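Model the full assembly from the supplied sequences, consistent with the hints where possible.
Line by line, the protein sequences are chains V and Z. In case it helps, our numbering puts the first sequence at residues 1 to 280. In case it helps, our numbering puts the second sequence at residues 281 to 760.
In short, the hints are calculated from the structure, not lab data.
Quick list of simulated restraints, FRET-style, between CB atoms:
1) Z/L359 / V/D6: 56 to 62 Å
2) V/F155 / Z/D502: 52 to 58 Å
3) V/V33 / Z/V289: 41 to 47 Å
4) V/Q144 / Z/E669: 36 to 42 Å
From the derived model, a few chain V residues whose C-beta atoms are all more than 12 Å from chain Z:
5) Y17
6) R97
7) V107
8) Y140
9) A174
So, partial list: chain Z residues that the calculated Cβ filter (under 7 Å) puts toward chain V:
10) E315
11) D390
12) W394
13) F443
14) S449
15) E483
Small disclaimer: the values here were computed from a predicted structure and weren't measured. Glycine is no exception: its CB is placed at the ideal position from the N, C-alpha and C atoms.
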Amino acid sequence: MQNLLDTVKGPWFIAVYTWREGLRRKTLVGFLVLSLLVIFGATFMTSFINQATVGDVTTDMDLKLIKDICVTTISIFGILITIFISASVVPTEIENRVIYTVLSKPVRRFQYLFGKFLGVQLIIIMNLCLMGGLFFIALYIKQQILPTLLLWSVFLTYFEFLIVSALTFAIACASSSSVLPTIAGLFIYITGSLTEYLKDVYNRSGQSGEWFDTLIGYIAYILWNILPNLQRFSLKTQIINSQPNDPPTDVLIPQLVIYGLIYAVCGYILAYWIFRKREV
Amino acid sequence: MSDKKINIVLLIVFATFIVLGVYQGRRVEFYRECEAFYRWILAVGTQERLFQTSEGEKKSDKFIDLQLFAKLSDKAIPLLLSETKETVLVDSALTNQENFANIIGDISNDPVIWKLTIKKEMRDLREEFLKSLREGKIEFSRNISYVEAQKSGVNIFNLFFGFRKIAASLIWLEVDRYWHQGLLYRMVPLMRTCVTLDPNFVEAYLIGAWHLAYNATAKLIDTPQHLKKWNLKYKACVGEKETFYYLAIDFLKKGIRHNPRDYKLYFDLGFAIYKNKMNDYPNAVRYLTEAVRVPHERWVRRQLYICQETNGQYEEALQGWEDYKKRFPDNPVAPRFILRNQGKIYEKNAQEIIKEAEKVVDEQLKAKMMNDAVSLKKQAREIWQKLKEEENDPYGDYRLLLMDAMELYNEGRYLESIAVLDKARWESPSNFDEVSDLIIRIKQEANLPLTVSEKKAVLRKAEGDRCQGMPEEMTDKGSG
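Pasting the structure below:
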């Protein structure tokens, strides 16, 4: 029992340390402040658009715009924060040589990496909570009803970030500078959002009858299956404006959570694999 | 453990999770496809139940929605019957298609429809749907992410990295700018783009329809009936204003197909367009009834009961208002409308008895029936008196004057009757046209001279409801 506690304690201390370090990063704070400003400003941006139709029955046009702006803001700034933090935690420690001090202590590489990954997740969750919280308050002030669907949307957004974060973290473990993993993280996000396109390629392949065309189709199909498809998380924008108790949404949310977790584990295993071979 | 062994273990674990990821991805994909199928079922079910009979337009052969829905219904009804006998009502007098559309119309059946959608037995139909969707043969699909743009090779869904809802919102800001600049002709295509990018953009449908039906027609003059043209799609005589009304109707119907569980769209179609703009009360009642079948605001019911009353459905309206009063005892409007409908039911029953009595030969029975009618009229009078005194409603005054006038008319005292009617129409301006028509009728019957405006009204009526290109068989039925 004591051994188990020690195994968990080590990563937890590293996670808390990483989290504290993350809070001091100016870039992340800058992104966070910008996103909070946009979310806060969305309520002002939409105030002039509030339209009333027949019989002065007001529509929820402003509410819809606030929701769209805020969800997009959370997605864009959230992913930037995710990529920057995931790409920099390990390379910065290598650059500062802090890693040597930590690894010279009775901490295994597995624990160190897990602690770092956990710390990154804490930062992402804290940022999401701050952005989501402000969005929640803005919506509550506007519609005077607790926007519970928003919580599901933010929850799903986290699992989308989790995939990007895990894969970026894996690349960061192979790099000694945070520039390359940051670019790679952006690339992962863009590619992940365009994975759906591979299915289009597969569906249209083989039309010319050339073997190469068919081969490309099969490769596209295999990649479409293997690569994480972030477009599947588009449900997060869909549920925010939909009716509650929608049967497909109720089924899809847990499925997407499992999907996010599986790819996060893949990313973490890859990170560990790379990191354990690294000479530090 | 040696380094090599650790590498192999890690590789195996990694590969296992990749396989799990692929499996889970396929599961998510399966549910997403089922979701697209489910949304389409709701959309085409709504089309079948609400719009199919009213739309005269011949559907393009390009789309196979209705054929696929027929196949689906034939498969779904036996499945539903075998599994959910207690919860799903199936009328044996209706076709499978109609029954299935009615089941879809009930919001409480949503979980049943979803379960049906993901069944193994539905696999072939689901695949046929997805194949048709890819080939562009499906008209009522909501989820554009599945429609691969075959020609351009660019999927519109990918184009915005999943941010197409914000794109729709930003385009809407442009629509709003054009509205303030008075560039209406630029708004319509942009409004359509908005709802294509985001089919759940309910507000775009609502405000778009409002712009079309109200703002676009604000400065247009009424097209004389004989200059209107028969429209095959709408089965109606259409002038300049009506063209915009029908565009608004089409826009809202599209919204309803994509969002069949949103009351606002039904409400706007029933109240804002059919009631306020087209005075088409049967259709107003129809769509307002749909609005109250899904979660709605409390005022939606009030409009339904008002439209039911205007449409002559006094019993339904009375029942509705009584139910409304039970739910919201503090509402000041309900008691007034309960009295109004009670009074109208008494008057209607009295009229029916008088009509029946006129056919009866037996003098004793006839006298008894007439006494019953008088008694009903007396009860109606009491109601109108109560409405006037207790509820302070001028409508009570109006009905009393109307009853007085009709009694004078029945006694042959035409001039006095007209004088009372003239007072009545100024008491209740909302019934001005109705009373004016009654005055003309009495004047014509009593050979009294008509005023210039009354003569014009008679001439307008003589022209009838005919318009250019109207089929002969439609003349008797009348038109919009």
